Each structure stands twice: as C-alpha cells, then as structure tokens.
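Trainee: Now for the letters of each chain:
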Amino acid sequence: MQSQTPIRPSLFDSPAGPNPLDQEHLLGRGIARVDGPLKVSGRAPYAYEVHDPSNTALVGVLVLSTVAQGSIRTLDAVAAEHAPGVRLVLTHRNMQRQGGPASEHCKPQMADATVRQNGQVVALVVADSFEQANAAAAMVAVAYDVKPALTDLAAGVPQATVPPPRSPSQPVDTNVGDFAQGFAAAAVKIDATYTTPHQAHAMMEPHASMAVWDGDHLTLHTSHQMLSTCAQTLASTLLLRPDQVRVLSPYIGGGFGSKLVTYADAILSATAARQLGRPVKIALTRPQVFGQTTHRTATIQRVRLGADADGTLRAIGHESWSGNQQGQTFYETAANQTRLLYAAHDRMTAHRQVRLDLPLASSMRAPGEAVGLLALECAMDELAERLRMDPVALRVRNDTQYDPEKGPSRPFSSRRLTECLHEGAARFGWEKRSPVPGQRREGQWLVGMGMASAIRNVALKPSNAEATLDGRGILTVGTAMTDIGTGTYTILTQIAGEMLGLPPERVVMQLGDTDLPEASGSGGSFGAASSGSAVYYACAQLRIALARRAGFDPARSRFENGQIIQDGRAVSLASLAGAQGIAATGGIKPGDLLKKYAQASFGAHFAEVGVDADTGEVRVRRMLGVFGIGRVLNASTARSQAIGGMIFGIGAALMEDVVPDRRHGDFVNHDLAEYHVPVHADVPAVEAYFVEEVDPIANPLKAKGVGELGICGAGAAVANAIYNASGVRIRDYPMTLDKVLAGLPDQA
Amino acid sequence: MTPFDYARAGDTAAAVRMGSVAGARYLGGGTNLVDLMRENIEQPASLVDVTGLGSAIEERADGTVWIGAAARNTAIAGHAAIRRRYPALSRAILAGASGQIRNMATLGGNLLQRTRCTYFYDDAARCNKREPGSGCDAIDGFNRIHAILGASVACVATHPSDMCVALAALDAVVHLEGSAGARTLPFDALHRLPGGRPDRDTELQPGELVTGIELPSLAFAARSTYRKVRDRSSYAFALVSVAAALDVGGDGTVRDVRIALGGVAHKPWRAHIAEQSLRGQPATEASFRAAAAAELADAAPLTHNAFKPELARRTIVAVLSGLTETPMKEMAP
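Protein sequences appear in the order of chains V and Z. For reference, each letter of the first sequence is one residue, going 1 to 748 in full-length UniProt numbering. For reference, each letter of the second sequence is one residue, going 1 to 333 in full-length UniProt numbering.
Simulated from the structure, these hints should not be mistaken for lab results. Computed from a predicted model, the values in this text were never measured in an experiment. Please note that the accuracy of each hint is not assured.
Partial selection, computed: residues in chain V whose CB lies under 8 Å from chain Z [what the hints assert, rightly or not]:
# : residue
1 : 614
2 : 681
3 : 736
Capping the alpha-carbon separation at 25 Å, the derived lysine to aspartate or glutamate pairs in DMTMM-like fashion look like this [to be verified]:
# : chain 1 : residue 1 : chain 2 : residue 2
4 : V       : 147       : Z       : 140
5 : V       : 739       : Z       : 140
6 : V       : 596       : V       : 403
7 : V       : 461       : V       : 22
From chain V, some residues computed to sit far from chain Z (all C-beta separations above 12 Å) [as the list claims (entries may be wrong)]:
#  : residue
8  : 74
9  : 83
10 : 276
11 : 400
12 : 401
13 : 434
14 : 438
15 : 440
16 : 572
17 : 590
18 : 612
19 : 613
20 : 678
21 : 684
Yeah, the Cβ is synthetic: ideal placement off N, Cα and C, and Gly gets one too.
Please model the complete structure; the sequences and the hints are all you need to start from.
Mentor: Here is the structure:
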C-alpha cells in the first residue's frame, strides 16, 4: 500500500503536551508479542526461508580470502566451473561494473585482486543446490601474495591517529577546565588502564539474502536493521536508481548492530541473479559471519579520576584507543559517556584510532558505552575503595542534573540516576555487602557483590508511517521499520491501538518493506522512539480525519472500543471508514531539543558472583538492574530488552573474546562453540525494574531508549563483584578463570 | 560437502565388510563427523551407519558392565547401574555437549571424535593432523585450549571427550572387530600421543569397528566423580577436567586410586605418576598436592595455556579432597 501523497512529517521542537497515549489503556501493558505465535510455530519466514514463487532460485556460496593483506596471485576456478550443478563462478576477473569507491553506503565486491582483509569475498559459486555450490566452492584454488598485517591493538598505539569526528555533536576530544591541574591537585587519585577484547554480535540468524529481478527492478529479501540504507547501498553499488530497488526484511533473527551494514550476501545475490536471470539466494555460514561482517573492536582505555576526601570528583579523564581498517572512520566512542555521567570541574576525553588489518569494526549493541563503562565504572569502584566509601554513595555524591561539560544551560531532559541507585541497593540487599573483599565464603565459593551505573544516550531519527482504517474496523499501519527481535511489531500495535481506541487484535502492523513509508530502522536505541512517534503522528492525523467525517471536533472527541465519542454521541469507526476506508500519514522530524537538553537513559546494576576458590571460575549468582527509560511502552518487551542487555554484560565481563590470529588476520574462534556467549546455565536470576518516569522532551511517546541500556555498566558490576568476592582486581576483560587464578591464594 | 554413499549395517559382520572399503567411515550419531564433512575436513567416500548395532547396557554375572558401542550418551549417563557404580562416568557424560547432542551421540562415536583445535577445523590453516606434513599453526597461534602434556613439535591438540576421561580412569576395556577378527584394548592404549603422526588419533586398524566397552568390577568406583573446569557453565570444552575414584582404608591411607585428566593432552591422560605416589600414603591434602605436583612436573605449557598446570594441580587436589569427605562432596559438574 504505497503512499500516493508525500508525507508531511511533524517537527518535534518543543516538549510534548498531554496526548491520548497518556491514557495508558493499552500502552505500557506487558502484552504478548503479536508476532510471537508466528515465530514459535515457524511461520515467520526469515530471509533465507522465503520461497521464491517461481521455484527457480539458485544457491550461491561465497569463497572468502584467507590472508589479511596482499593480493590474489592466481585464482583457479576451472574445476568449480565444471562441477555438477554449477551455473556461475564470479571472481574479480568477471565481475560486472559496480559503483565506487567503497564507502559506508557503497560496497563493491571483488572489484580487483587486492586483499584488504581476511574474510573478503574472492569468489562466488552459484549452483542448483546448496550442496553443489558448497562442494564447488571448496574447489576454487586461490594463491596469494601476502603482505604483513597489523593485528595487535597495543602494538599500534604509538602510531595511533586522530579520527575524524563522527558528527558535530560528537567531537573526538573534549577538554573542560584544566584536567592536568585538577587531577594533580586531587586528594585521592585513580590512574588505571583497562582493556576490552574484540567482540562479535553472535546474533542467531546469519546474514542471508535472496535477490529476485523483474526486468530492471530488484527485490531483495534480506536480514537488515535499516532498510533505507540497505536500499541506498544496493543502488549505489549496483548502479541503479533508488526506485529500482525494493528491500524486504519483515523478520530478523537478531542484529545488535551487525545488520546495519550491507554485505556480500546482498550485493552478490543481486549481481548473480541479474546475470543468470533467476533468483539467487546466499547465506553466510557461521564462520563466514565472523570474517565477512562487522565486530566490536578491542579497546585500550586509560581512566584517571581525582577526588576530594569526601568523594567529590574534581577531575575526570578518559582516553580510548580502538582499531579499524585503514580509511575507516568508525572508532569506538568509549569515552563519550564520561562526558555526561558524573560532575567534575576539570575534565578531558580523547579517542585515538589504530590501524588494524582485521575484519571491519563497527557498531555493536551500545557502541561506546558498552565498553566505556567497563572501564569507567571499574575505576569508580577502585576510587570508592581508596576513599573507603560505599560505591553507591560515591555515585550519588557525583550525580548531576545538567551536562557537566556544558553547564546548567543544558539540563538533562530527565535523569533519575540517584533514584535508580537507591532503589536498586534496597531491592538487592546491598547493605549486606562487605566493604572488605574476600570476606564471604560458601563452601568452595568466594561470594561478593558489585554495582555500576548505567547510561545510554538518547536519539531521535526521522521516521514516517501510514495508517488506514477499513470498513471492518481493522487498522492497518505500515512503516518501513524493522523488528530485530526487540518487540517493535508489538509496541507499534499498542501505540496505534491506544490512539484509535482499538484492541491489539484489530491492529495489523506491516513492517520491513521499503515500499512502505521510510522509517528510522532499528539501531542506537532510537527505533521505538522514532518509529513509534511516526505511528503516533499518522494515527493523530487519522483521528482528525475520522472526527471530521463524523462531524465531531477532533480536539474534544475520544476514541474507545472502536468508536469515536463526543458529548455522549458515539459512532463506530468501521462505519466511518466505510467500504473505501480512510487513510492518513504522518512522521516525525527531530528539532533541536537534543541540543538544548542532554538526553540519556540511566540505571544502576547490581551483581552477586561466586568465585571458585580452587579453579577461579566465576559464576554469576544473581543480578538486578533498575532503569529510568521514560515511559515503558510494553512492560514485557522492555524487561526482555533490559535483561537481554544485562546478559550481554555477563558475556562481556566473563567470556566474550573473539581472538585474532596475528599471522592470518582472521578470528580464530569463529563459531558459537568457541566464541562463548552466556548459555542458560550462566544466567541465573536476572531482574529488571523500571522507575516511574515520563520524558515529554524526548518525543511524543515520552519514552527513552531501552534496547542498549541493559548492557551499559552490567559487565562492570560483575567485574566489581569479582573483586569484592575474591580480592582479585582484573583490568583486562574478559575475566576468565586464568586471570582470576593468577591472583588467588594457594589452596586452603 | 562432497557426495558420498550411505549404507546402514544390519550386523557387525556386514558393518566391518562395508567399513573396510577404502574411504569408508563408520557413522554413529554424526554429531562430530557430519560437522567435519560440512567443513570439508572429512570427505569420506561412504558412510556405514552403525547405530542399529549393539546398544545394550548390561550388568554381567562376573561383576563387569557391558556397554554396546551404539548406546546413546543419554542412555549411558542415565543408566541406574552406571549412576550407582560408576558416578564419574555418568557425570562426565552429562558435563559434555548439550542434551540434544547427547541424545544423538553414541559411545563409539564419542571414543573416536576428533580434536576441537580451531586450526584443525580451519582448512586455511596448517595442520599436521588434517594434512600430514603441512605444519602446525596452533603452536605459534592461539593455543589456550591446547595440550601441556605429551605433545610433540608436530601437534599440540587435545582430545575433547569428557566421557573418555572417566573411561580412562575406570580401566575400561575396548572391544574391537575388524577384518582380521575381534580383539580388545585397554582404554589407555586406545588413544595415541601425537608424536610424528598426529593424523592418527587411535591405535585402530583401518576398518576396525568399536563394538563396545567393558567396565571392570571396581567396587570403590562407587566413590568416583568428574570435575570439568571451563569458561562457561555449559556447552564448553574442558580447560582441565579430572575423573577420579578413591579408596581410603580404615587407617586413613590410600588403598587405591584412579585419576585421569582431560583437556591437557592428545589423549585422555591417565595420571599414573600421581596414582603411584598416592598408594599407601595418608589421604590428606598434602599427599594430594604432592601427587598432583609429581604428575604435572613435566608439563610444557604454550603461550596461552600457561595457567593449565596450576589449574590441573588445584583441580586434582580439590577433587581428591572432595572424595574423602563423607558424604562424598557434590561438586559442580
């Protein structure tokens, strides 16, 4: 149902007033996921499961480079070309003309013989079946001229460079007051360096695409978080006009940032399908996911804190080094949150970039904060101990209601950090924690508690939607938004239902199709706020249209139980819609409220761990997160997002570490058996609680982001609990048993 | 995956006949072999499915217990006699893989599973086990999960099985059937150290089929356990594991003991030195510590597994100490 008229988005440049969402009849309730039955019964087709109606789809298998730097010396594809069922072997020698140069939104494949990383595509084999393509792919013989590769972050620090700023609002470095002087003068100081490893998104669904051409129009079934950028990338790479590309991604098996980028499965399925005149599908194997797609870069972070004896921070310094390929602008913004989290007069942050000839580094769930807080919040724990101060009290002491770099002229839109800290401490039983480490023992277990603050910045992106009510009283809402497993279908259903006074079963959500109005996509915790606001505005327009059709005053009419009501008169929405139906569009265009107000979600994490006194194994016993996220749109899916993030935090603290091979520049442990993420047995009682909060400055929903907040600080709480349990302070993540063991006393 | 033939064996004789053809491999639950075929590491010409052969688990009159090679891991771990008489075996099995994998995996397949060395699995890497003479990328690569005992300059891989560590400690006997007839091997003689031929994991002759194992009557094995130390609580291979059974006399001295280690060598590592040094000694932590130190004296760690000797020592001491407690200490699997 493509819009016929251009959508006129609403400029959101002043705080939201009262609106129908404040009723919270449907919004906020923990209703079950509307797409749940489809998913648990296997009826929600993911990209690779989509059946091409002509039933003629061919299958492609990628051959990836096995060296980090160099060039293809020889490539022998003759055996593969003659293997049973093979229809096409593409290499740099016979690739079609593509757009260029390579950039964030242009991804040419096999453009030349140069090898820029391990995991780059060197050949595509297309055959009648997957098995045939896979067997033939193994026959492609490639020899390389190999150049030395840079694979070690620490070794590259002396050659680090200053990356270009990510955006005007995110400078690379900041300096406020006089950090050097403030730090030197502080009564109590911490100066510690923390390291975090490369991490992988490890989403369930591997990247996959099926390309279908109709004349010179491409339809791509794929798994992507942000469909407009996927379509743009396809168009620029395949030399198409944007209107020649349609991208479909209605169901996505997890993304965590990995699916913000368009990869070879998309580009090459389209290339091969065009050449062969038949649909072509390509899925990455799990090991290929690790090399061909993005990861979170390792970091080295130096944190310096200077405080008065009463715990008042005087100086905060946070420097971070991270790696990426030459020419890439993405760097890990690990010090960004340190600009906002605590008050202090003298402050500095800095980011440096190290060239690494590894697969591409990019966003992974809470880029910046997720690893930045692993350093900052451990340093705060170390400072609290040095001050002989409770870690909760230290954070409360340094809370602030305005942007500490900009001053009182830029207040926070909402910030309930202190409430989260106190609420969490009370609920968790924090008062039972011994301030002295290594005091509590249960059998072989050394038991301890740790905590950390959580912060994740809030963003709002342009997004649009259309809403149509039909003669049966069914509301259909369409937007090119994605649901990457977060619950977007459900919360948008609730927003639309709340606006029109309809139960969820009378709302049909259509997502994941670029023929629908352009939307924010999923990323940066802005998806719900942005696409939800678009649905809000579209539904607000529909309310006006319906009220006018009923002859009512839009400002005075209520929508309840499928009716519009004013002055005791009620008219059914279905009858107003009539056989022709009634439609409206709307959208949000962010104004400058993010300049005027600092905006972030906040929280507090508490963790209790056991450390095996014999082996150094760490097992989390329980965790609690208390968060302020503005209005909770769905209590159940918000909780899932929060505890899912906390479980990511367990992984970051204890096990996640994708290890580069310094010779080959690949990730050695490139599967889910050896890249460890927490399994069920690693995840005990994890609870999330939300403090009451509405934020009218954030957006018309008055909601802030929750998708990434749960990970922010969670790992630091676990790390601090390890110290409290065992007395072993580790500054090198993940905190595997060998590092713990090194600090444990002899067996008693 | 390259094309291959598949046949299901109706009896042992037919299996051995089909399995003795060049390029044939026996197929149990397929939880390892099929993975390796998908990665093109194994490329058998034919698969002989032996899951229809003997899977019985039975206590025999002479006090031994027979387990057919086709018995599923889940069935072995849950069998009442195994749980009562050989708890180390039951615990070792349950510490491995996942419920779904254990439901498929067979005893015979478990004995013959290949190493989980990441370089063995990566056909872009050099590996003497996969391609004899090509070299070893693990020795100078990422070798956290690799061997500290009995390794060679050709190979530092470890054997990944949990079950086999318990079987090594329990003195199991392996029954084989080949074209030259039937024979048996002590469990400790089944798997090889790598030496110059790491491509050979076991002493099996080409075409030889594991038909089952026999657990000896070992009364004190009722006091046995298995402790697996790993990076997460489940679904991770052992960094170090210990299977042990302990028999302490009324005078507090060690009458008999069995110890085997996992995660440290190319084979399940029977700790003969530690056992030797403990027999007749007081069952105290000091004795355990001395025995563990003696066993690990020749450990030769690599760049990323320097923690393993100390971890193995501490785990041996913890396991043996736990076995002296009454009731026997329940340890994390």
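Trainee: Confirm or reject each hint.
Mentor: Hints, verified against the model:
Given the 8 Å rule on beta carbons, the hint for residue 614 of chain V holds: about 4 Å separates it from the nearest Cβ of chain Z. Hint status for residue 681 of chain V: holds, given a least beta-carbon distance of 4 Å to chain Z, under 8 Å. With 8 Å as the threshold, the beta carbon of residue 736 of chain V comes within range of chain Z, its nearest partner Cβ sitting at about 6 Å, so the hint holds. A distance of roughly 19 Å separates the Cα atoms of residue 147 of chain V and residue 140 of chain Z; the hinted pair therefore holds under the 25 Å criterion.
Taken as a hint, the residue 739 of chain V and residue 140 of chain Z pair is honoured in the structure, with Cα atoms around 21 Å apart against an allowance of 25 Å. Taking the CA atoms of residue 596 of chain V and residue 403 of chain V, the gap is about 10 Å. The hint holds against a cut of 25 Å. Annotation: proposed proximity of residue 461 of chain V to residue 22 of chain V holds, straight-line Cα distance about 22 Å (limit 25 Å). Residue 74 of chain V, annotated as away from the interface, keeps every beta carbon of chain Z farther than 12 Å; the closest lies near 16 Å.
A cut-off of 12 Å between C-beta atoms contradicts the statement that residue 83 of chain V is not in contact with chain Z; the least separation is 10 Å. With 12 Å as the threshold on Cβ separation, the claim that residue 276 of chain V sits away from chain Z holds: the shortest Cβ distance comes to roughly 23 Å. Consistency note on residue 400 of chain V: stated as away from chain Z, and its beta-carbon is indeed over 12 Å from all of that chain's, at 38 Å minimum. The Cβ of residue 401 of chain V lies farther than 12 Å from every Cβ of chain Z, with a closest approach of about 41 Å, so its non-interface assignment holds.
At roughly 24 Å, the least C-beta separation between residue 434 of chain V and chain Z is larger than 12 Å, which holds for a residue marked as non-interface. Chain Z leaves residue 438 of chain V outside its interface by the beta-carbon criterion, the shortest separation being 17 Å against a cut-off of 12 Å. For residue 440 of chain V, the shortest C-beta to C-beta distance to chain Z comes to about 18 Å, beyond the 12 Å cut-off, and the non-interface label holds. No Cβ of chain Z comes within 12 Å of the Cβ of residue 572 of chain V; the nearest lies about 52 Å off, and the non-interface call holds.
Taking the minimum C-beta to C-beta distance to chain Z, about 41 Å, the non-interface status of residue 590 of chain V holds against the 12 Å cut. Against the 12 Å criterion, residue 612 of chain V falls within the reach of chain Z, whose nearest CB is about 8 Å from its own CB. Non-interface status of residue 613 of chain V relative to chain Z is broken: a Cβ of that chain comes within 12 Å, the nearest being about 9 Å off. Distance to chain Z contradicts residue 678 of chain V as a non-interface residue, since its nearest Cβ pair spans about 7 Å, not more than 12 Å.
Residue placement check: residue 684 of chain V does not keep its beta carbon more than 12 Å from all beta carbons of chain Z (closest about 10 Å).
Consistency with the previously given hints fails for numbers 9, 18, 19, 20, 21, ordered from lowest to highest.
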